[in-house]
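Participant: In case you want the letters, here they are:
Number of protein chains: 2
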Amino acid sequence: MKPVFHPDIDDIAAADVFAALADPIRLGILVALADVPEVDKARCNSFTEFASPSLLSYHFAKLREAGITRFRVEGTSRYLSIRREDLDRRFPGLLDSVLETARRDPNLPRLSGPLTVS
Amino acid sequence: MKPVFHPDIDDIAAADVFAALADPIRLGILVALADVPEVDKARCNSFTEFASPSLLSYHFAKLREAGITRFRVEGTSRYLSIRREDLDRRFPGLLDSVLETARRDPNLPRLSGPLTVS
Numbered sequence: 001m002k003p004v005f006h007p008d009i010d011d012i013a014a015a016d017v018f019a020a021l022a023d024p025i026r027l028g029i030l031v032a033l034a035d036v037p038e039v040d041k042a043r044c045n046s047f048t049e050f051a052s053p054s055l056l057s058y059h060f061a062k063l064r065e066a067g068i069t070r071f072r073v074e075g076t077s078r079y080l081s082i083r084r085e086d087l088d089r090r091f092p093g094l095l096d097s098v099l100e101t102a103r104r105d106p107n108l109p110r111l112s113g114p115l116t117v118s
Numbered sequence: 001m002k003p004v005f006h007p008d009i010d011d012i013a014a015a016d017v018f019a020a021l022a023d024p025i026r027l028g029i030l031v032a033l034a035d036v037p038e039v040d041k042a043r044c045n046s047f048t049e050f051a052s053p054s055l056l057s058y059h060f061a062k063l064r065e066a067g068i069t070r071f072r073v074e075g076t077s078r079y080l081s082i083r084r085e086d087l088d089r090r091f092p093g094l095l096d097s098v099l100e101t102a103r104r105d106p107n108l109p110r111l112s113g114p115l116t117v118s
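Residue numbers (UniProt numbering), protein chains in the order written: chain A, 1 to 118; chain B, 1 to 118.
Simulated from the structure, these hints should not be mistaken for lab results.
Glycine included, every Cβ here is placed at the ideal spot set by N, Cα and C.
Warning: the hint list may mix true and false statements.
Taking CB as the label site, the calculated pair distances span [said to hold, decoys possible]:
(1) B:A51 - A:N45: 38 to 44 Å
(2) B:S81 - A:G75: 50 to 56 Å
(3) A:T76 - B:D88: 44 to 50 Å
(4) B:S112 - A:P106: 38 to 44 Å
(5) A:R84 - B:P7: 27 to 33 Å
Cβ-to-Cβ under 7 Å is the rule here; a few derived chain B residues that face chain A [to be verified]:
(6) I9
(7) A13
(8) A15
(9) F18
(10) A19
(11) A22
(12) D23
(13) P24
(14) L27
(15) T76
(16) F91
(17) L94
(18) A102
(19) D105
(20) P109
(21) T116
Given the sequences, and given the hints that come with them, work out the whole structure.
Facilitator: This is the structure we're talking about:
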């Protein structure tokens with residue numbers, strides 16, 4: 001599998017970040033990731049109840065290409081995590097504000113059970 | 001002229017707000033509006049250096065339909081303002097965080113002179 005692109009956080013444009021946030025499924029993914037204590041990471045297949053695998057791949061790519069999440073492979077598992085330190089450095093306060101905003105929206109998708117983190 | 005639609009702020013979905021922010025011209029308009037002391041309003045024709053009139057109309061509509069700005073007519077002038085109180089109530093902290101984020105993006109359009117507010 002070839003490496004996937006992760007932008008340098010200093011290259012991220014504000015409008016691109018907001019474009020990546022402009023979807024309820026992507027906001028639902030972020031909130032679920034952020035609510036995992038400490039690790040902020042999860043197996044990509046934790047979100048299959050949100051959308052089909054191909055649509056999830058699309059949403060994961062939008063988040064990753066905007067610099068919001070990081071993707072990595074460990075063994076046979078694929079993981080997703082929020083680039084919290086990078087985001088907090090590039091746009092201080094934005095991530096927490098986005099998460100707080102998303103949590104106030106009752107119509108976002110929520111996982112029915114805990115995330116698979118390992 | 002028929003009245004234009006302004007959504008009740010409680011009806012706004014988080015993803016719709018982010019969609020409205022997903023454009024450098026719209027972020028540039030917001031920053032310029034926010035930087036006007038006290039009034040947060042400006043004539044719609046203050047932004048003609050950002051885009052053509054028809055494109056500006058499109059951007060104004062996106063911001064208005066997302067609940068971010070308010071449009072009104074006074075005499076022969078058309079005005080634009082940020083719905084700060086509404087936004088701060090619906091999504092506390094989000095507007096300031098968005099403005100701070102936008103101000104950190106050096107590639108957003110900036111007005112060459114002061115806004116026309118009256």
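Participant: Given the hint of 38 to 44 Å, check if B:A51 and A:N45 actually sit that far apart at their C-beta atoms.
Facilitator: Given about 43 Å between the Cβ atoms, the range holds.
Participant: For the pair A:R84 and B:P7, does the Cβ-Cβ distance stay inside 27 to 33 Å?
Facilitator: holds, 32 Å
Participant: Given B:L27 was flagged as interface, is its beta-carbon under 7 Å from a beta-carbon of chain A?
Facilitator: holds, 6 Å
Participant: Quick one: are B:S112 and A:P106 within 38 to 44 Å, going by C-beta?
Facilitator: 43 Å Cβ-Cβ, so the 38 to 44 Å window holds.
Participant: Does the nearest C-beta of chain A fall within a distance shorter than 7 Å of the C-beta of B:F91?
Facilitator: holds, 5 Å
Participant: Classify the hint on B:T76 as holds or violated, based on whether any CB of chain A lies nearer than 7 Å to its CB.
Facilitator: For B:T76, the interface hint is violated, since the closest Cβ of chain A sits about 33 Å away, which is over 7 Å.
Participant: Holds or violated: is the Cβ of B:A22 closer than 7 Å to a Cβ in chain A?
Facilitator: B:A22 check passes; min Cβ-Cβ to chain A is 4 Å, inside 7 Å.
Participant: Confirm or reject the claim that B:S81 and A:G75 have a C-beta distance inside 50 to 56 Å.
Facilitator: holds, 54 Å
Participant: Restraint: B:T116 near chain A, CB-CB cut 7 Å. Satisfied or not?
Facilitator: At 25 Å from the nearest chain A Cβ, B:T116 fails the 7 Å test, so the hint is violated.
Participant: Any CB of chain A closer than 7 Å to the CB of B:D105?
Facilitator: holds, 4 Å
Participant: Close enough to count: is the Cβ of B:A13 nearer than 7 Å to one in chain A?
Facilitator: holds, 6 Å
Participant: Does the interface hint hold: is B:L94 within less than 7 Å of chain A, judged Cβ to Cβ?
Facilitator: Holds - the Cβ of B:L94 comes within 7 Å of chain A, reaching about 5 Å at its closest.
Violated hints, listed in ascending order, are 6, 15, 20 and 21; each of the other numbered hints is respected by the structure.
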